[in-house]
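There are 4 protein chains.
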Amino acid sequence: MPGNSIGHIFRLTTFGESHGPAIGGVIDGCPAGLEIDYSFIQNELNRRRPGQSVITSNRQEEDKVNFLSGIFNNKTTGAPIAFIIYNKDQQSSDYNHLKDTFRPSHADYTYDQKYGIRDHRGGGRASARETVARVVGGSIAKLILQQAGIHILGFVSQIGEIISDIDNNNIGSNKIESSPVRCPDKAISKKMVALIEQLKKEGDTIGGAITCIIDGVPVGLGEPVFDKLHADLAKAIMSINAVKGFEYGSGFASITMRGSEHNDKFKSIGKKIYTETNHSGGIQGGISNGENIYFRVAFKPIATVMSDQETVDKNGKETTIKGKGRHDVCVVPRAVPIVESMAAIVLVDHYLRNKIAKN
Amino acid sequence: MPGNSIGHIFRLTTFGESHGPAIGGVIDGCPAGLEIDYSFIQNELNRRRPGQSVITSNRQEEDKVNFLSGIFNNKTTGAPIAFIIYNKDQQSSDYNHLKDTFRPSHADYTYDQKYGIRDHRGGGRASARETVARVVGGSIAKLILQQAGIHILGFVSQIGEIISDIDNNNIGSNKIESSPVRCPDKAISKKMVALIEQLKKEGDTIGGAITCIIDGVPVGLGEPVFDKLHADLAKAIMSINAVKGFEYGSGFASITMRGSEHNDKFKSIGKKIYTETNHSGGIQGGISNGENIYFRVAFKPIATVMSDQETVDKNGKETTIKGKGRHDVCVVPRAVPIVESMAAIVLVDHYLRNKIAKN
Amino acid sequence: MPGNSIGHIFRLTTFGESHGPAIGGVIDGCPAGLEIDYSFIQNELNRRRPGQSVITSNRQEEDKVNFLSGIFNNKTTGAPIAFIIYNKDQQSSDYNHLKDTFRPSHADYTYDQKYGIRDHRGGGRASARETVARVVGGSIAKLILQQAGIHILGFVSQIGEIISDIDNNNIGSNKIESSPVRCPDKAISKKMVALIEQLKKEGDTIGGAITCIIDGVPVGLGEPVFDKLHADLAKAIMSINAVKGFEYGSGFASITMRGSEHNDKFKSIGKKIYTETNHSGGIQGGISNGENIYFRVAFKPIATVMSDQETVDKNGKETTIKGKGRHDVCVVPRAVPIVESMAAIVLVDHYLRNKIAKN
Amino acid sequence: MPGNSIGHIFRLTTFGESHGPAIGGVIDGCPAGLEIDYSFIQNELNRRRPGQSVITSNRQEEDKVNFLSGIFNNKTTGAPIAFIIYNKDQQSSDYNHLKDTFRPSHADYTYDQKYGIRDHRGGGRASARETVARVVGGSIAKLILQQAGIHILGFVSQIGEIISDIDNNNIGSNKIESSPVRCPDKAISKKMVALIEQLKKEGDTIGGAITCIIDGVPVGLGEPVFDKLHADLAKAIMSINAVKGFEYGSGFASITMRGSEHNDKFKSIGKKIYTETNHSGGIQGGISNGENIYFRVAFKPIATVMSDQETVDKNGKETTIKGKGRHDVCVVPRAVPIVESMAAIVLVDHYLRNKIAKN
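Residue numbers (numbering that gives the first Met the number 0), protein chains in the order written: chain A, 0 to 358; chain B, 0 to 358; chain C, 0 to 358; chain D, 0 to 358.
Errors might be hidden in some of the hints.
[Stated by the list, open to error] From the derived model, a few chain A residues whose C-beta atoms are all more than 12 Å from chain B: (1) 38; (2) 39; (3) 42; (4) 87; (5) 90; (6) 95; (7) 107; (8) 165.
[What the hints assert, rightly or not] Once the Cα atoms are required to be at most 25 Å apart in a straight line, the calculated DSS-like pairs of lysine-lysine come out as: (9) D:354 to B:354; (10) C:185 to C:174; (11) A:313 to B:271; (12) A:189 to A:199; (13) A:189 to A:271; (14) C:200 to C:185; (15) C:264 to D:323; (16) D:354 to C:313; (17) C:357 to A:357; (18) C:199 to D:264; (19) B:74 to B:87; (20) A:313 to A:323; (21) B:87 to A:316; (22) B:354 to A:270; (23) C:200 to C:354; (24) C:270 to D:98.
These are calculated hints, taken from the structure and not from any lab test.
Bear in mind that the values here come from a model prediction, so they are computed numbers and not experimental data.
Glycine is no exception: its CB is placed at the ideal position from the N, C-alpha and C atoms.
Between the sequences and the hints, there should be enough to build the whole structure, so can you do that?
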């Protein structure tokens with residue numbers, strides 16, 4: 000019931016505040032006997048890490064993960080896997096002025112009202128620093144999925160008004176990772192970097208979009224009628240900080256389409272059934288149909304801007320506030336591994352659930 | 000774990016197939032002492048019912064709900080509330096040709112593969128007829144929310160390329176319900192009806208969008224970090240048949256916005272704090288902030304079209320199929336109470352969860 | 000979270016009051032493709048039915064189960080299985096005098112206080128009539144277990160001071176079912192019947208014990224550290240009306256044993272490992288070890304006695320009350336299939352959970 | 000679904016192995032604003048700690064708890080509370096001989112078979128060292144219960160054949176804690192100590208029983224029909240290492256009682272209703288009735304004995320094994336705070352659940 004766990008069989012619980020001693024999590028329900036590839040996990044964390052490039056926050060965290068349990072001789076034992084990442088480069092004094100003042104479009108006001116108490120340092124529990132634990136969970140989920148031939152690839156498809164219309168089939172991990180904004184479209188990537196640099200000077204921020212493609216998904220993942228695969232994906236993705244929208248397959252564009260145009264014809268090669276088009280986004284009736292799953296995620300601009308903003312304090316007194324601390328201009332480049340991680344956690348959970356669908 | 004329940008405290012479980020004897024559900028966790036307004040519930044069902052107007056399926060179901068438990072002297076007792084709606088106007092023979100053939104963009108293929116067995120009559124469990132149980136659950140949720148001053152209002156904001164840009168503050172239940180397509184914008188409503196009538200002649204279908212507005216929400220609903228209010232809303236809404244996308248507040252439009260423009264300034268009148276704009280859609284950090292919650296939902300066109308379509312049968316043999324049965328041209332007018340119901344179930348669940356947030 | 004569901008993968012939700020229109024339930028998570036043996040299910044219900052013999056309540060209920068969903072061509076489809084049993088022989092007027100008075104050692108007072116409203120007719124939700132739904136759930140669970148070679152056998156091992164010390168290995172279903180009190184020990188069974196008949200004359204009631212033996216359990220069922228197999232069995236069994244104690248294996252007798260005497264030596268025949276003794280009751284570290292599981296359950300005497308008893312009414316005013324209605328003298332003979340059912344639900348849930356323990 | 004969490008609203012997840020770097024846990028769902036009394040928590044841990052007296056294992060662990068999150072200015076924030084206790088005095092080499100051999104009546108064999116991999120050092124996840132995390136969770140639960148006036152008191156009522164028949168109303172914390180075996184009955188306590196000392200010399204172990212009394216419980220805790228208060232207590236208690244039986248109120252003794260004798264008459268003083276006797280153990284129909292809750296728990300003798308025992312190795316080859324390591328002779332003195340902790344977790348979970356029972 001409490002809100003810090005996700006997954007029914009493969010379940011991740013996260014804990015920790017931005018400026019507390021550590022962020023961490025517990026994965027319960029990971030099958031026993033899985034070989035842990037530590038360098039893969041660390042690499043995933045590095046993709047999310049602040050300070051990884053000129054366009055990201057320069058908070059310095061090595062984000063090294065310490066596993067406390069559930070692994071023996073480099074293999075999972077079936078016991079819960081606990082892990083922590085120490086917070087090292089907190090600069091809590093940057094946040095002193097926020098103790099009694101609410102930053103616009105942050106979680107300060109709502110946390111304060113809901114709980115009657117608030118760890119204001121660095122945003123406390125509401126900080127996106129919490130997502131480091133999601134990436135650890137997601138990377139272990141990916142290890143399971145890799146064995147099953149399922150691969151998840153996210154990339155930045157839009158920043159502000161700069162849109163990439165790259166062909167989904169023409170994207171590789173290398174192209175994505177070699178771009179500082181994780182956009183595999185080289186020309187567009189450059190424009191995105193330029194926009195971010197310009198906004199950094201202006202002290203402003205900008206929204207963006209991530210597209211995610213999952214291939215190798217077997218037919219059958221998803222549990223109607225409420226735990227449809229895309230419904231669980233939507234929840235997991237929407238739970239990421241700053242996400243404002245989710246669409247899969249034809250998404251919002253389907254609104255203007257005719258049924259005759261939208262329907263994905265079934266075809267076959269021998270016994271192998273496939274669809275000619277994929278407006279369904281790889282999911283029909285809430286269950287994967289074997290085609291690529293793809294979805295798109297909208298991120299709002301980061302709320303911390305470096306100019307004066309009107310707001311109120313705890314007593315409702317109007318005041319102004321100005322961004323301090325070390326912040327990104329645009330969240331999406333670093334959010335790619337987070338989106339992938341949440342997708343991986345959902346996929347592996349449904350992959351395991353589906354193993355017991357038939358008698 | 001199984002997929003047919005939703006909600007942690009106020010939990011709805013649904014059951015039933017389109018052409019089975021009955022559709023129904025169980026609500027567990029409804030607080031005791033709630034007065035049941037049967038005519039309100041029936042009215043909600045009538046809003047979803049087929050055959051309610053010229054533009055909807057002419058399957059005739061009175062959709063009368065029978066409560067089996069959990070109510071005594073018209074009040075809830077704290078025991079589970081079970082209810083059934085008998086299926087009466089099944090015409091299963093309409094579906095004989097589907098026994099071994101997969102309709103494009105339906106759930107036939109995926110159910111068949113996942114479970115190895117499929118009740119093909121009327122779409123079986125995958126039929127949108129299942130949503131009648133959601134409306135019963137949602138109407139009881141609404142009774143609780145009404146007492147708390149929370150109101151949910153959905154309406155059709157787009158069908159195909161016909162878009163209403165009506166002011167969210169200028170919408171009333173009467174305006175919505177007096178339109179056959181549930182669009183409160185009179186001129187636009189007429190165009191929508193005309194489009195549907197034309198497509199009906201063509202044997203084709205069309206997508207649409209529903210906008211939903213929730214007012215009176217107290218500050219504090221939502222449980223970070225995974226059960227954020229909008230994340231649970233997204234899951235609940237995405238679990239409705241034919242939904243392809245969800246956005247709240249500024250949604251996908253936030254991608255192109257600057258932080259300085261997107262941020263909602265806090266203001267106050269006395270001790271009462273509010274935001275000047277509402278790009279946040281009434282939710283900050285996953286917790287309601289007291290402003291109106293609003294979100295928009297994309298529905299794909301209905302997959303059943305009345306023209307020949309290529310597809311395959313169970314053995315992968317290519318064949319053609321043609322829509323039979325009684326179907327809507329556009330799902331959104333009847334989906335309005337379903338969207339409201341799912342929102343109500345999420346809201347009441349979080350309303351109850353929030354009662355124990357503070358010591 | 001609400002309390003009317005049990006099981007994580009194979010989940011039974013029950014509903015209904017003793018004098019409402021129906022008792023029923025929903026099983027969600029039953030694997031698809033299971034063949035339903037209706038006569039087996041009905042036979043299980045008959046074993047629990049009132050009026051089955053001279054020593055049971057003469058309420059007449061045929062307890063015929065109606066399945067509403069989840070079954071197609073006699074096989075489960077993976078969709079939720081809903082079922083109802085209509086209440087037919089209610090005599091609610093027998094309970095009019097209880098509207099405002101609390102029967103001693105019943106649930107009247109606590110339901111009234113907890114919920115502020117109470118369906119007093121026939122005990123409402125607290126009536127053991129609810130267990131009819133458990134037997135339906137349990138009988139479907141048994142169908143799954145039978146395929147896996149797991150068999151559950153319960154019998155009455157004690158009524159009042161009359162104890163059977165029959166050898167657990169010398170018990171068959173026939174011997175049990177041919178006894179009106181379900182005690183396979185013929186001589187003891189007669190004594191038990193005589194005791195019940197005598198108490199019936201006296202208008203009094205008596206406690207008893209059921210022993211349950213499960214054979215064919217594979218090694219590996221149970222999920223440490225909280226969902227140990229015996230912990231989940233304990234909860235499921237303790238949730239049955241009138242149960243006051245649970246012990247498995249050596250149980251309370253282990254208190255006085257030495258470790259050297261209690262330990263079960265491992266032996267082997269070829270690769271097959273077994274234990275020489277079975278004080279562990281087939282479970283070690285919360286996980287089944289392949290030996291027979293056995294446990295014993297204590298039932299208190301039924302609270303409804305046919306003599307005047309002092310009590311109070313809603314306002315705390317002291318009064319007397321006298322049993323009316325049709326009641327058993329001793330609950331245990333009819334409780335045997337209920338105990339077996341709860342054990343079956345736990346076993347099948349863990350059987351399915353265990354399928355995903357290893358990578 | 001995974002097995003390492005307990006509680007629906009107040010949920011404890013534990014992790015860690017006996018000889019891993021740390022044991023720990025996460026409490027999610029603790030209400031915000033609770034003041035944390037660190038010395039109380041440490042004192043509870045000290046009660047469970049090995050090496051606390053001459054009769055316990057001399058493994059030296061200071062069992063100091065480190066809180067990582069969820070607390071700010073000594074108050075809970077509503078965020079998950081993570082904590083770790085480092086393992087310091089592991090002597091893993093004591094367990095080398097167990098790598099491929101199964102200790103009788105331990106969890107070695109079942110873990111090995113279930114998971115296909117086993118951390119054999121110190122019993123790994125199956126070690127009772129895991130319960131240190133339960134005591135942290137329980138001590139925070141107790142802080143909530145104390146505010147509500149609910150107190151939990153466990154004591155040793157039996158070791159081997161030495162039974163205390165002390166009056167439940169004549170027991171105080173001081174009397175219990177001043178006894179090295181936690182038996183408040185001074186004369187009996189001495190006999191218990193003598194028995195343990197004798198068995199230590201013999202290299203043998205012995206079972207025991209703990210009685211637990213909970214007073215100050217308000218009417219209304221417990222959620223029928225499956226989450227009855229005593230059912231959840233039974234599960235929580237049975238999940239503790241070495242527990243073989245649970246009974247509450249009249250328990251197994253009720254088997255031989257008549258209804259007329261067992262029923263608890265309701266009485267009143269003014270509006271205040273109470274029962275004259277308390278065979279119900281403070282729970283009726285699964286819901287607390289305001290009287291003292293009491294239950295009794297059976298613990299088997301510890302499986303590690305210091306004499307040669309026959310067993311088998313991984314390949315089924317028969318061999319002998321001899322206890323090494325540092326072990327208690329009788330688990331019950333140190334298990335008292337563990338029993339109390341599990342009871343506290345269940346009580347606080349139901350205390351919070353009950354807050355939303357009524358509309």
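Each hint tested on the structure:
1. 38: Label holds. Min Cβ-Cβ 27 Å, cutoff 12 Å.
2. 39: Holds, since 24 Å exceeds 12 Å.
3. 42: holds, 24 Å
4. 87: Per Cβ check, residue 87 of chain A is outside 12 Å of chain B; nearest 22 Å; holds.
5. 90: holds, 21 Å
6. 95: holds, 19 Å
7. 107: Incorrect as stated: the minimum Cβ-Cβ distance to chain B is 8 Å, not above 12 Å.
8. 165: Answer for residue 165 of chain A: holds, closest chain B Cβ roughly 17 Å.
9. D:354 to B:354: Distance ~8 Å between residue 354 of chain D and residue 354 of chain B Cα, so the pair holds.
10. C:185 to C:174: holds, 8 Å
11. A:313 to B:271: At roughly 10 Å apart (the allowed maximum being 25 Å), residue 271 of chain B and residue 313 of chain A satisfy the hint.
12. A:189 to A:199: holds, 15 Å
13. A:189 to A:271: violated, 42 Å
14. C:200 to C:185: Between residue 200 of chain C and residue 185 of chain C the Cα gap is close to 23 Å, so the pair holds against 25 Å.
15. C:264 to D:323: holds, 17 Å
16. D:354 to C:313: Given pair residue 354 of chain D, residue 313 of chain C holds - Cα atoms ~22 Å apart, limit 25 Å.
17. C:357 to A:357: holds, 18 Å
18. C:199 to D:264: holds, 21 Å
19. B:74 to B:87: violated, 29 Å
20. A:313 to A:323: Holds, at about 19 Å.
21. B:87 to A:316: violated, 61 Å
22. B:354 to A:270: violated, 55 Å
23. C:200 to C:354: violated, 52 Å
24. C:270 to D:98: holds, 18 Å
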